[in-house]
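As you go down the protein sequences, you meet chains W and H in turn. For the first sequence, counting from 1, position 186 maps to 186 in full-length UniProt numbering; every step adds exactly one. For the second sequence, counting from 1, position 313 maps to 313 in full-length UniProt numbering; every step adds exactly one.
Since the hints were derived computationally from the structure, they do not count as laboratory data. Worth double-checking, as some hints may not be accurate.
One copy or two, either will do: identical chains are not told apart, so a pair holds if it fits within one copy or between any two.
[Stated by the list, open to error] With a Cα cut of at most 25 Å, we get these calculated DSS-like pairs of lysine-lysine:
#	residue 1	residue 2
1	K364	K168
2	K183	K215
3	K183	K168
4	K133	K168
5	K183	K162
6	K168	K212
2 protein chains.
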Amino acid sequence: MDKINEIKSYLQENDVDAAFITTPDNVFYVSGFRSEPHERLLGVMIFKEAEPFVICPLMEVPDLKASGWTFEPVGHQDTEDAWEVLAVAAAKRGVPLRTIAIEKSHLTVERLERMEQLFEGASFQRLDEQLNKMRNIKSEEELEKLRKAAALADHAIEIGCKEIAEGKTELEILMAIEFEMKKMGAEKMSFDTMVLSGPKTASPHGTPGDRKIQKGDFILFDLGVVYEGYCSDITRTVAFGEPSEKQREIYETVKKAEQTAIDMIRPGVKARDLDKAARDVITEAGYGDYFTHRLGHGLGISVHEFPSITGTNDMEMEEGMVFTVEPGIYHPEITGVRIEDDVVVTSDGVEVLTKFPKELQIIKP
Amino acid sequence: MDKINEIKSYLQENDVDAAFITTPDNVFYVSGFRSEPHERLLGVMIFKEAEPFVICPLMEVPDLKASGWTFEPVGHQDTEDAWEVLAVAAAKRGVPLRTIAIEKSHLTVERLERMEQLFEGASFQRLDEQLNKMRNIKSEEELEKLRKAAALADHAIEIGCKEIAEGKTELEILMAIEFEMKKMGAEKMSFDTMVLSGPKTASPHGTPGDRKIQKGDFILFDLGVVYEGYCSDITRTVAFGEPSEKQREIYETVKKAEQTAIDMIRPGVKARDLDKAARDVITEAGYGDYFTHRLGHGLGISVHEFPSITGTNDMEMEEGMVFTVEPGIYHPEITGVRIEDDVVVTSDGVEVLTKFPKELQIIKP
Numbered sequence: 001m002d003k004i005n006e007i008k009s010y011l012q013e014n015d016v017d018a019a020f021i022t023t024p025d026n027v028f029y030v031s032g033f034r035s036e037p038h039e040r041l042l043g044v045m046i047f048k049e050a051e052p053f054v055i056c057p058l059m060e061v062p063d064l065k066a067s068g069w070t071f072e073p074v075g076h077q078d079t080e081d082a083w084e085v086l087a088v089a090a091a092k093r094g095v096p097l098r099t100i101a102i103e104k105s106h107l108t109v110e111r112l113e114r115m116e117q118l119f120e121g122a123s124f125q126r127l128d129e130q131l132n133k134m135r136n137i138k139s140e141e142e143l144e145k146l147r148k149a150a151a152l153a154d155h156a157i158e159i160g161c162k163e164i165a166e167g168k169t170e171l172e173i174l175m176a177i178e179f180e181m182k183k184m185g186a187e188k189m190s191f192d193t194m195v196l197s198g199p200k201t202a203s204p205h206g207t208p209g210d211r212k213i214q215k216g217d218f219i220l221f222d223l224g225v226v227y228e229g230y231c232s233d234i235t236r237t238v239a240f241g242e243p244s245e246k247q248r249e250i251y252e253t254v255k256k257a258e259q260t261a262i263d264m265i266r267p268g269v270k271a272r273d274l275d276k277a278a279r280d281v282i283t284e285a286g287y288g289d290y291f292t293h294r295l296g297h298g299l300g301i302s303v304h305e306f307p308s309i310t311g312t313n314d315m316e317m318e319e320g321m322v323f324t325v326e327p328g329i330y331h332p333e334i335t336g337v338r339i340e341d342d343v344v345v346t347s348d349g350v351e352v353l354t355k356f357p358k359e360l361q362i363i364k365p
Numbered sequence: 001m002d003k004i005n006e007i008k009s010y011l012q013e014n015d016v017d018a019a020f021i022t023t024p025d026n027v028f029y030v031s032g033f034r035s036e037p038h039e040r041l042l043g044v045m046i047f048k049e050a051e052p053f054v055i056c057p058l059m060e061v062p063d064l065k066a067s068g069w070t071f072e073p074v075g076h077q078d079t080e081d082a083w084e085v086l087a088v089a090a091a092k093r094g095v096p097l098r099t100i101a102i103e104k105s106h107l108t109v110e111r112l113e114r115m116e117q118l119f120e121g122a123s124f125q126r127l128d129e130q131l132n133k134m135r136n137i138k139s140e141e142e143l144e145k146l147r148k149a150a151a152l153a154d155h156a157i158e159i160g161c162k163e164i165a166e167g168k169t170e171l172e173i174l175m176a177i178e179f180e181m182k183k184m185g186a187e188k189m190s191f192d193t194m195v196l197s198g199p200k201t202a203s204p205h206g207t208p209g210d211r212k213i214q215k216g217d218f219i220l221f222d223l224g225v226v227y228e229g230y231c232s233d234i235t236r237t238v239a240f241g242e243p244s245e246k247q248r249e250i251y252e253t254v255k256k257a258e259q260t261a262i263d264m265i266r267p268g269v270k271a272r273d274l275d276k277a278a279r280d281v282i283t284e285a286g287y288g289d290y291f292t293h294r295l296g297h298g299l300g301i302s303v304h305e306f307p308s309i310t311g312t313n314d315m316e317m318e319e320g321m322v323f324t325v326e327p328g329i330y331h332p333e334i335t336g337v338r339i340e341d342d343v344v345v346t347s348d349g350v351e352v353l354t355k356f357p358k359e360l361q362i363i364k365p
């Protein structure tokens, strides 16, 4: 319940009467309760001067308790108006609700209008930046989960490499990877697994399909695993058979760009300088036009979270931040290559969570 | 572009200056353009008295054109403020924007606040009910896609039945089904495929795992396929080896409940009466406490869409509505059984889209 207390302190310091948090990832972050209620109401209400509660569908109350929630559980049934149940539970606290902090980047207009009716006269302010700030710095407990998610992702790449064979389709390799991951206890993949081969590697957002692996292909794996609620995200590109000189040049350029950015990571370095360092390596090698996306993104409970590692973000890195470093070159005639690691900023540098080798792996046909 | 014109007519009839639609499913519905831009801005702006435009990331403009969009494409780059680009494109139309219709059940508070800044003095109203009303009635073209999605789902159940064997795990069967579906050209599954066996069938929202199939198990498949943007959703429960008398009783009760509801479907019948008819059959058989969810839900571009087939919804059925009928009995000691079909309301009755047999299938061990 540390996160609950941290938000309570925030409310006290900023003289805000309550916070209402409704996105499943943030509910999980502050309460430890993981639920996907779809259109049903799920939320944590935290007060400046009263005990918090979680509101959720009645049938999920046992799961809420099992997750370790020791404050009041407020269940609502499909036959009730869940918002009325919320208002009653909040009123029971007997504290004034003049200012309420909400997640403005997630809460819908319809839900805000409902809250404006129920908490008449209240003003609503942003909690988004406070939540981003908290989630941005990972605790040792969170890092341990991220390390395990990363180790599973490493293993997934290993399986993918072993599955490569002439005539096998991208989908066959993909299914073998996902099957092994589920067997090893991964809750689920962090996102749709990508296995792209040959010319398809040149598309940063391609879809795996029936294309059969051929000698001379590069094969790009982009995948991640959720472990105890935390995500990994890794990309490796490997060669099936001896690569051409140009293919090798592109690979080595991406590898150098990635390592250059990683080597710069420490507290105080700016996100935009990391992006620039990697981009400069690629531009100097003459492939600047083929690196068409940002360097990386924050990683944690969500596979894409705050902050964004872009050329326009002058945020300084701090100890405990976790993000991806993933430069790529997408050349339609030669090959696409992307290399992606998950990293954590340490007190004096960086720890790389994903460990699958980055020397070009050449799979023998 | 029929849907664009339909919304334009709505704006004219209701004297609303413009509509701005931003949910990917509704953008696809009105424009034919399927995109998942995550946090990037995607939207269709439709005017009472000017040409519409789609705003999307610049790199997606070629896909937008390829999808058949013949009006203006407005691309924005990551280095620009997409909302400023929107305001400029809207201003270029030279029409006043005093009232703007938005999807209040989806648009975030942050996005509305941005629009309030950009379109100063404008008032914002709901477009949600109009979109629900339109999506609720499927065209023949949409029905054709839903039929194909349903046929793929039938085939998936067939594969699942063939894969059943003593000692095989739920996950092994699941992966075999999904692999075949992808090979057959399904874009993706509509939701996480469910293969539950033995006591796990008694959980309406169970997770497939390592449990090995045993003689005497019931096996429950709940799955769906996306075909050209449209979803199917089917459930079948089959027996592995000769069922007990009680298992058979539960199966036949669910089957009768489902058929009773289906036989009532025609224009004019109320959603709540369908729910009640199925529930009455189950209650009369003594299993009322074990049917713990609504009868069904609308189906189309989204796997769960308007309307909800519940005991409290007095909406009348109309020709062209598509929804699921899926009663279940979840008995922790005997077995769980759910049977689910996708149906469309016709001029004088019902067409059942999913066709896999509903007589209890007994797989020989």
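Evaluated hints:
no. : hint         : verdict
1   : K364 to K168 : within (14 Å within a copy, 33 Å between copies)
2   : K183 to K215 : between (30 Å within a copy, 22 Å between copies)
3   : K183 to K168 : both (22 Å within a copy, 12 Å between copies)
4   : K133 to K168 : neither (45 Å within a copy, 46 Å between copies)
5   : K183 to K162 : both (17 Å within a copy, 21 Å between copies)
6   : K168 to K212 : within (5 Å within a copy, 28 Å between copies)
Hint compliance for this structure: hint 4 alone is broken.
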